[in-house]
Amino acid sequence: MEEPRIGVYVCWCGTNISKMVDVEAVSQEVSKLPHVVLAKNYKYMCSDPGQELIIKDIKGHHLNRVVVAACSPRIHELTFRKACEKAGINPYLFEMANVREQDSWVHTDRSEATRKAIDLVIAAIRRVEFHEPLEKRSVSVDPATLIIGGGVSGMIAALEIGNAGKKVYLIEKTDRLGGHVAKFDLLFPHLSSSKQMMRPIIQRVENHPNIDVFLNTQITDVSGYIGNFTTTIQVNGNEPAKLTFGNIIAAVGLKPFDPSGITEYGYGKFPDVVTSIEFEEMLSKGKIFTKYGKEPRNVAIIHCVGSRNKNYHEYCSRTCCMVALKYVHQIRAALPSANIFEVYADMRAYGKGHEEFYALTTHKQIIFLMFDQQDGLPRIREADRNDDCNMIIEMDEKLSGLSIEVPVDMVILMVNMEAVDHVKEVVRAIGVSLCGNQFFIEKHPKLDPVATTTGGVYIVGTCQGPKDIPDSVAQAKAAAARILATIATGTCPVEVTTAFVNEKMCCGCQTCISVCPYTAISYNKEKKVSEVNEVLCKGCGTCGGTCPAGAITSKHFTDLQIISEIEGIMSMSYKGF
Amino acid sequence: MSIRVQPDLRNELIKYGIGDWNACYHCGTCTAMCPLSEEGFLFPRKKIRLMQMGLKGPIESSVEPWLCYYCGDCTKTCPRDANPGELMMSLRRYLTSLYDWTGLSKKFYTSETWELGFILFFASLVVITFLFILPSFGIKFDTTLTAQGGVRVNSFAPIGIIEPFDWSMAFVVASLLISNIFRMYYKIIWKNSTTKVSLWVHIREFWLLIFNFAVQPKFSKCDDKKYWLSHWFLMSGYTIMFIVIVVFLKWFQTEEILPFYDPQRLLGYYATFGLLFGLGFAIIGRIIHKDIKFKFSHVSDWLFLAMLTGTVVTGILIHIFRINGMPMATYFSYIAHMAILVPMILIEVPFSKWSHLAYRPFAAYFHQLKKHAVPK
Chain H
9 MEEPRIGVYV CWCGTNISKM VDVEAVSQEV SKLPHVVLAK NYKYMCSDPG QELIIKDIKG
69 HHLNRVVVAA CSPRIHELTF RKACEKAGIN PYLFEMANVR EQDSWVHTDR SEATRKAIDL
129 VIAAIRRVEF HEPLEKRSVS VDPATLIIGG GVSGMIAALE IGNAGKKVYL IEKTDRLGGH
189 VAKFDLLFPH LSSSKQMMRP IIQRVENHPN IDVFLNTQIT DVSGYIGNFT TTIQVNGNEP
249 AKLTFGNIIA AVGLKPFDPS GITEYGYGKF PDVVTSIEFE EMLSKGKIFT KYGKEPRNVA
309 IIHCVGSRNK NYHEYCSRTC CMVALKYVHQ IRAALPSANI FEVYADMRAY GKGHEEFYAL
369 TTHKQIIFLM FDQQDGLPRI READRNDDCN MIIEMDEKLS GLSIEVPVDM VILMVNMEAV
429 DHVKEVVRAI GVSLCGNQFF IEKHPKLDPV ATTTGGVYIV GTCQGPKDIP DSVAQAKAAA
489 ARILATIATG TCPVEVTTAF VNEKMCCGCQ TCISVCPYTA ISYNKEKKVS EVNEVLCKGC
549 GTCGGTCPAG AITSKHFTDL QIISEIEGIM SMSYKGF
Chain Z
966 MSIRVQPDLR NELIKYGIGD WNACYHCGTC TAMCPLSEEG FLFPRKKIRL MQMGLKGPIE
1026 SSVEPWLCYY CGDCTKTCPR DANPGELMMS LRRYLTSLYD WTGLSKKFYT SETWELGFIL
1086 FFASLVVITF LFILPSFGIK FDTTLTAQGG VRVNSFAPIG IIEPFDWSMA FVVASLLISN
1146 IFRMYYKIIW KNSTTKVSLW VHIREFWLLI FNFAVQPKFS KCDDKKYWLS HWFLMSGYTI
1206 MFIVIVVFLK WFQTEEILPF YDPQRLLGYY ATFGLLFGLG FAIIGRIIHK DIKFKFSHVS
1266 DWLFLAMLTG TVVTGILIHI FRINGMPMAT YFSYIAHMAI LVPMILIEVP FSKWSHLAYR
1326 PFAAYFHQLK KHAVPK
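Chains as they are written, first to last, in the working numbering: chain H, 9 to 585; chain Z, 966 to 1341.
It cannot be assumed that every hint is accurate.
Unchecked claim - Chain Z regions said to be covered by chain H (calculated; three or more residues, Cβ under 8 angstroms): (1) 968-977; (2) 983-990; (3) 1012-1019.
Claimed, not checked - Below, in silico cross-link-like pairs of lysine-lysine (PhoX-like), each with a Cα-Cα straight-line distance of 20 angstroms or less: (4) H:Lys372 to Z:Lys980; (5) H:Lys51 to H:Lys64; (6) Z:Lys980 to H:Lys406.
Quick caveat, the hints were computed from the structure, so don't treat them as lab data. The beta carbon of each residue, even a glycine, is placed where N, CA and C say it ideally should be.
The task is simple: from the sequences and hints, build the whole structure.
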C-alpha cells in the first residue's frame, strides 16, 4: 500500500462552525499528525472555490486521501467525493467529520467545542488512512415492468409506462379492472361520475398494445434484483407463464373496514345500518331505500368508523369526511325533504377544493352532530313502538355538551381504509416492509414517497396509506417516471459498500441469512458457506455484526477502519488540550 | 336524560327570520367577541347549537337571547357568515311567541296577513268610533276657536271618554303582558328541575327590574355606545309620553295654549325629540344597511317603526294644528293618531316587538335569579 498523503480541510460554514469552533486551532493541531501533508480552513468548503482548493491540492501535493470537517455527510459527502474523483483519486478515499450538527450547533463552550472538533477530525484522519478504493458497479435494466393491482393507481401507472413504448404486465387479483373506484357513483368534490371517468381508462388499458393484463391472477414469488426480476404466474388457472421485468409497482389497494366488531353501531344486527361501500352500491342502483323498501325520512352518516380510535385504527382515512359530505348532495337530490345528520368526530377538509365543498354542503339543511371518540361512540338502538323512526342514535353531543337522541331510519357508516388481507403475501413476494398499520413503507416519507428500500420496487396508491384519487394518481405517475428514467438509462447503479464472505472463515451457520433484511445472502450447499448477492446487498452491515466467526466484512466498514476511527477519537482526550 | 333532536323545528324557526344557521361550524368567535356573554350564560354559539339541533326545551328555558342587545360584532367577525346576531334576534321573536298563551303572537310573527288584518281592524274601529259612534252621542266637530285662537280639542275628544278608554286599554295590555311574563318566569326559573331560587333572592334582586327598565345597563356594555344612547332617548321619550297620556291626560290634553316654557310643553317636546331621534336613527340605519344591527329586517321590525313614526308625526300635527287654530285638520290628525296608536299598543306591546319593554328587564331580573339558584 502506498504511503498515505492526507489533506485536511476545516470548513467555517460561514459562522455556523467558526463561531463555536476555533477552525484555525483545529487545522493547526491536526497538521502535526503523521501522514497529514497539509491542513487548511476555508469559509465555505462546499462552494466552487472550496472544491477547487481540494482539487488543486490533490494534484499539486500528490494527495491520496482527503478529510473534510464540515457539515453532515448526508448533505455534502457526495459533493466532496465528486471533487476527489475529478482530481483523479478514488472517491472512497475520502472521509468527512461532522463538526456542525454534531458539534458547533449543539455546544455552547467554544474551547470544549474546539476540542471535540479536533477529536472528530483526528478520528476521520485515522480512518481514512485505511480506506481502500472501491469501484462503482451497475446492472442492466429489463425494460418491462410488473404492476400488481388493476385499480386506478395501477392502471394509470400502466398507461404512463405503456404510452412511453415500454412493456407492462398488469396483474389483477379479481376478474375485472377498476378496483374500488369503478364501483363508486359520484366523486367528491366535483360530484363527477366515477364510471364516466373510469370506463375510458379501463378500455385504454385493455386495448393497449404494450400492456398485458392478467385477471384472476396473484403473484406468489418474485426472484431477482433491480433491473432483472422474474416470476411465474398461472394464466387462466393453470397455464404457467414466466415473466421477466426490470421494475415492480405494487398498487394492491385497500380493504374497507368491517364494522361488525363495533357493538355500538349494531352493524349486521340492524339491516338499515349500512357501510359506505354498500351505500355506494345503493346509489349506483339509483335508489335509496330501507329494508322495507321505504324511503328513509331520517338518514344519519356516522364518520370515523374504525378510524382515529385506539380500539380499531389510530390513523385517519383521509377521504371519508368528503365522501360523507358528498352523500349529503346525493341524498338531498333523491330525498329533498329528508333529515340528514352528519355524526362526526372532526371535520377534515384539507385538500384542494375540499373546504369549499364543505362550506357548500353546510347550506344543504343538514344537522352536524359532533362526538368525542374519547367519551365513547354514539350508540344505535331500536326505536320504541310509538316513535316514528326505525332507530335511535344516543350520543353525547360535544358542541352543546348535551346528551341527545337522534331519530333515524337509515345509518351510513363511513368505514376506514385498511390494508388488503393478502398484504403479507405481497410483502414476501416483492421484499418490502410494512408499517404497524400494515401499509407499505416508503423509502423516505417526504423525499422519496414512492420508492422502497428494495431497489426497483415502487409503491403507489392506498397500499402505501389511505389517500384519495388525485394523490394515488400523482404517486402512480411519479413511480412511472422513476421507472422510465431507469429504463432510459438502460443500467442502474448498485451499492458499492456491500458485504463479502471470507469463505475460509465461514462455518456455514447461516446466522447471516436469518438477519439479512434484503434477502441478499444465500447458502451454497456445495461449498457449505454463505454467499452475498452484491446486487441485492445494501451494505447495512447487519450480517457482519452478527457473524460469530468474523467471516463477513462490510466494504468501507472494515474492522480496521472502525477501530482506527475509535482510536483516533480517543487519542487526544488524555492530553488535556 | 337525553333530549330528542327535532330536525323539523327549523321549518318553524325559519318563519321567525332565521337565515342560513347551518353555516355555523362552532368556532366560538362570536361568544369570544361578545362583551355581554359570560360564564354560565354563554351566547350566541350555544344558542345557535340548540337551534341547529332543534332542541325546543332548552331554547324555551333560555334567558340568554334577552341578554343580547344586538350590537352586531358577532356577525361582523363570523368567519362563516352565519349571522349570529340575527339568529339571536330571531330567537327573541320565537321566544315572544312561546311566552304568549293566546297564540296571537305566533300568528303575527309568522303571517303578515294576520298582523296587517288586525292592525286594519282596530284602525277602522277607531275611525268608525270617531266618525259615526261618537257623533251619534252628540259629540260634534266643533270649529269654533278658543279666546287664544286654539282648537277646542276637548269638545271633539272629551277627556271623560278618552281617559277611561286609555286606562282600559292599558289594563288589557298589562294583563296580557303580565300573564305572559308569568309564563316566561315559569319556563326560565320555575320549570328548572335541578335548581331552585329562594324567595329572599326574589325580593333582594327585584330592584334590578326597575334599574334595567330605566337605563338598560347591559345595553350600554356593548362596544358601540351609540345604539344604547339612541335607544335610551327613544325609550325615555316613549315612557314620558305614555305616562302623560294615560295617567295625566287631563293635564296634557288642554285647550289652553300654554307658554313655550311651560313644563307641559317642554315635557312634550322632549318626548317628541327623544322618539324622533331614536326612530330616525333606526329608520336611516335600516335603509342604508351600513350597520349589522340594521342590516336584516323582519316584517315586524318595519311595521313597528312605521307605526311608531306614524303616531309621533300625527301627534306633532295635532299640536301644530291645534295651536294655530285649524280645527278640522286637528280632528282628522287626532283620528289618524288614534287609528295608528291603538292597534300599535294592542298588537305590538303584548304580542310583538314592543313586548321587549317588559321581557328585557324581566330577563335581566331572571338572569340574576338564575345566578343565585342553588341545587334542589
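Hint-by-hint comparison with the structure:
For the stretch 968-977 of chain Z, the stated coverage by chain H is satisfied: 6 residues place a CB nearer than 8 angstroms to a CB of that chain, which reaches the threshold of 3. Judged by the Cβ-Cβ criterion of 8 angstroms, the stretch 983-990 of chain Z is covered by chain H as claimed, because 4 of its residues qualify and three suffice. Counting residues of the stretch 1012-1019 of chain Z whose CB lies closer than 8 angstroms to any CB of chain H gives 5, so the stated coverage by that chain holds, three being the minimum. Taken as a hint, the H:Lys372 and Z:Lys980 pair is honoured in the structure, with Cα atoms around 18 angstroms apart against an allowance of 20 angstroms.
The straight-line distance between the Cα atoms of H:Lys51 and H:Lys64 is roughly 17 angstroms, inside the 20 angstroms bound, and the hint therefore holds. As the CA atoms of Z:Lys980 and H:Lys406 are separated by approximately 28 angstroms, the hinted pair breaks the 20 angstroms bound.
In the structure shown, a violation is registered for the earlier hint numbered 6 alone.
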